[in-house]
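Chemist: Residues per chain are reported as follows:
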Amino acid sequence: MLGLNLPVVIVLAAIGGVLAWRRANTLTWLLYTWVALWAFFKYGFAVPIPQSVVTIYLGITGLALVCFASSSRERLSETVQPIVRLILEPRYRLALAGLLVALPALAAYNVYADLNVPLEAPGFGREVHPPPPTEMTVHDETVDMATAENPYLHYKHDDPELYGEHLENGRRVYYENCFWCHGDGMGGDGMFAHGLNPVPSNFNDVGTLPILQSSFVHWRIAKGAPGLPGAGTPWDSMMPAWEKFLTTEEMWDVNLFIYDFNGYEPRALGQH
Amino acid sequence: MTRNRILFGIGVLAFVSVIVTVRLGGFLVDNEYRQPDRQVAAQEELGEAELTPRQQGIADEQAADEAEARARPYEEAEYRTVPFVGSRVTVWVLAQLHLLFAAFVLAVPLFAFIIEFVGYVKKEERYNKLAYEFTKLLSVSFSMTATFGAFLTFALIILYPKFTNYLMHIFSPTFLPYVLLFFLEALFLYSYYYGWGKFGPKMHLFLGFMLNVVGTAIMFIANAWLTFMMSPGKRDDIDGDGVPDFVSAVSESGALLSLRDAFFNFTWMPINIHRIIANVAFGGSIAAAYAAFRYLQAKTDEERAHFDWMGYVGNFVAIIAFLPLPFAGYYLAAEIYAFSQTLGIQMMGGTFSWLFVLQAALIGNLFLGANYYLWLGMGRMEGGVHFQKFIKWLLIAIALCFAVWATPRYAISSVSEIAAMGGSSHPQLSYLGQMSAKNTAVNILILSTYMSFLLYRRTGRQSIHPYRQLLTRAQAIVFSSAAALVIFYGVYGYFVDSATRIRFAIPQVYSVLAALVVITVIDLPLYRNAAQSGETKWGRIPAVSQYALIFIALSFTWLMGLMGYVRSGLRQEWHVYGVILDTSPDAYTPNLGFATQVVSVTVLIFFGLIGVVFWLSSLSGKKDYAPGAAGEGGGRLEGGQAA
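The listed protein sequences derive, respectively, from chains G and Z.
If you're matching positions, the first sequence starts at 1 in my numbering and goes up one per residue.
If you're matching positions, the second sequence starts at 1 in my numbering and goes up one per residue.
Be aware that a few hints might be false.
Said to hold, decoys possible - Calculated cross-link-like contacts (lysine to aspartate or glutamate; reagent style DMTMM-like; alpha-carbon spacing at most 25 Å):
| hint | chain 1 | residue 1 | chain 2 | residue 2 |
| --- | --- | --- | --- | --- |
| 1 | Z | K389 | G | E78 |
| 2 | Z | K389 | G | D140 |
| 3 | Z | K392 | G | E78 |
| 4 | Z | K537 | G | E74 |
Said to hold, decoys possible - Some chain G residues flagged as far from chain Z (calculated, every beta-carbon gap over 10 Å):
| hint | residue |
| --- | --- |
| 5 | V8 |
| 6 | L19 |
| 7 | R22 |
| 8 | S72 |
| 9 | Q81 |
| 10 | A113 |
| 11 | P130 |
| 12 | R171 |
| 13 | G188 |
Simulated from the structure, these hints should not be mistaken for lab results.
Ideal Cβ placement from N, Cα and C applies to all residues, glycine included.
Let's have the full structure, built from the sequences with the hints guiding it.
Modeler: Printed below as a string of structure tokens:
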């Protein structure tokens, strides 16, 4: 359920319930909260959370708990008193000795565990969208990425018939060249998609076409994987540079078609 | 013992080696080849100087160098370099230090003026004294700002002469007004500071007002220079199709077409707004850090009480300005995105987006630190236990929002983690990496912080308003409704297209702002003349609270450095985006780790210098030196100025 590892969640909740029932003191609650959240982030999800995110979460948790414990004189005293008693009172000497052994042992185990991770190649941070260049040259024509728009888009209002022709041409180009990877319905699930990593772009996604200017899509079509920027590499993209196979008009037509097919408008310059 | 002897032996050996080397050198020079006496006599007759072969060699080399220098034609240098650190880092650090001091110098008069005005209206002398205490920090900081400004200007002229010349080509008409305003600022600042108590209150307030007007005008001019580098033009719907078009202020070659468009460029006003608010937040936090520094040094309860109050006011100013800051930042980012999708994608989805995870961590720390300070402040009031039970829930809300904001869309993962997730994003947590979640988190953080402030304000006070129950419930309803609306739009944002989702940020912001205004408007009469259940004991606050204030100031400074780098670094290889390319060896974009190191070192340098400012400012409160008053070296007299 919700991608959680339910047995872990239930055990942690049960321990919390027992602590509430036993009216545990502040220090116990603080220790429980940190350990329980560590266990939850580490083992509570069916798909494990990356260690980098676990570290961020536990850092925030630790900081918040320190703030809570010291946010008033009374609460600080409540938190510290059990520790003082443990150190000073003779009846806790055995427990203190155990703690003095356990803490270095825990630190040693942590070092041991950290040094015993299997060696593997480093992962790569993925960027959401590759940043386009400020301008590019397609078929000897310079395209200003900031201002370029699909030259046939205005036909939608000015000349619907001509717009339909360009759209039809875009449809032909798409189903001759693109649907193999991007799919019949443009969901990024074409017949070759399963063999590609990362998978081809899903044009149905609300977070892709509508937030991009048509010049961005034109750049991706024309330049493909070889035109991806140096920053954020490796992209591992299989997208061909279609300027080598299609005319400029065909590329703008297919650009028009994928927007029209999905019912999106390209983002305009100056639009938030 | 043996070790000492070895060390002593090495020392003696080193000393003897130096002596021997010097003597040997002298011996060789004294015994170098000289011409026979007869030849020397013949040369003297001819009026020629006696030169040994070594001297002759040196003279020949000098002559050759001189001849080469004379033959070399004059060339304009495009770039010069700085050894070890490079030109880019030199200018970067100097610009950042100049900006940090400038921000402080612009911010302090703003709230010193407001505090003085409050004191004038309320007829309370303590506000006047507090405003003066803040103003004492200005004098040295102003000199620091000017020094770093000059340093930066020289560095630009020396290291980037061609580009600096280009900026002069565009903005030369703005330089003279800038310098004149700077003169005026010095005039108003020093008359405001030294004229404290020397003028009538209205005249003094006028000086403070003019200081702020002039300071803000200076910043607006400087903002035009830097925003032009990012967005050299304005947005206007020139073809009347309802879609804004970009109107460049310069030609393709960079020649100026319109100074007006270059000045009032695309990102000028967003950055003006962002900087004014951020300056106040930053200035308040630095002033609070100064108070914390003095609090920790204080020897008497009276001093502790004074600096505790000063720290509280400084932090209050910082937090009040900090609450709308995310909105101003969002506006600036949205305008950058609207100006250029390349810059926008680079910033929010590309390489620079990783720095926003650090930004989230710093802002989360700021919120946590600000709330923590307020909770600790409840300890000043007797009868403050009542509201302690809410702290737990506020803390949970803040920690949750902090975690949401710090969750990256694509986590840094190892290969096995990526394989387990089936991609770079986690199936559940990636939802928290999207804008809907981030906007919701920051709005709830703002509401929670405001709630902490309300609880602090009520601690030890009991409303005597006849409709207190009704009004308190009304506040609770407004607060809950705003929170519910923010969460509703946050969740709904996942089910709509991105254009609609982006627009959801607006009702979220307005609902929070409206809630803050309405709750404040209700709270003012509700707690006017409230019954005090206990006395407020300024100075009775744990010392850790003062470290929290310093921590907040440090986080603000770091944040400014980091985000300043993002804004400036976004241009990448461009001096002026899309117009003038940076062709220097430093044109590359440094990796994120290096960038954060430069920012961190700059922050450390700034805090070293601000420590000097604090020390110098605290000197005026010390007792005067009086020779012979105590001991043989002199002593100190009572009666030093303690404003």
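Chemist: Are the hints correct? Go through all of them and say.
Modeler: Evaluated hints:
| no. | hint | in the structure |
| --- | --- | --- |
| 1 | Z:K389 - G:E78 | holds, 14 Å |
| 2 | Z:K389 - G:D140 | violated, 70 Å |
| 3 | Z:K392 - G:E78 | holds, 15 Å |
| 4 | Z:K537 - G:E74 | holds, 17 Å |
| 5 | V8 | holds, 15 Å |
| 6 | L19 | holds, 15 Å |
| 7 | R22 | holds, 18 Å |
| 8 | S72 | violated, 6 Å |
| 9 | Q81 | holds, 16 Å |
| 10 | A113 | holds, 15 Å |
| 11 | P130 | violated, 7 Å |
| 12 | R171 | holds, 23 Å |
| 13 | G188 | holds, 12 Å |
Figure legend: structure checked against the earlier numbered hints; hints not met, in rising order: 2, 8, 11.
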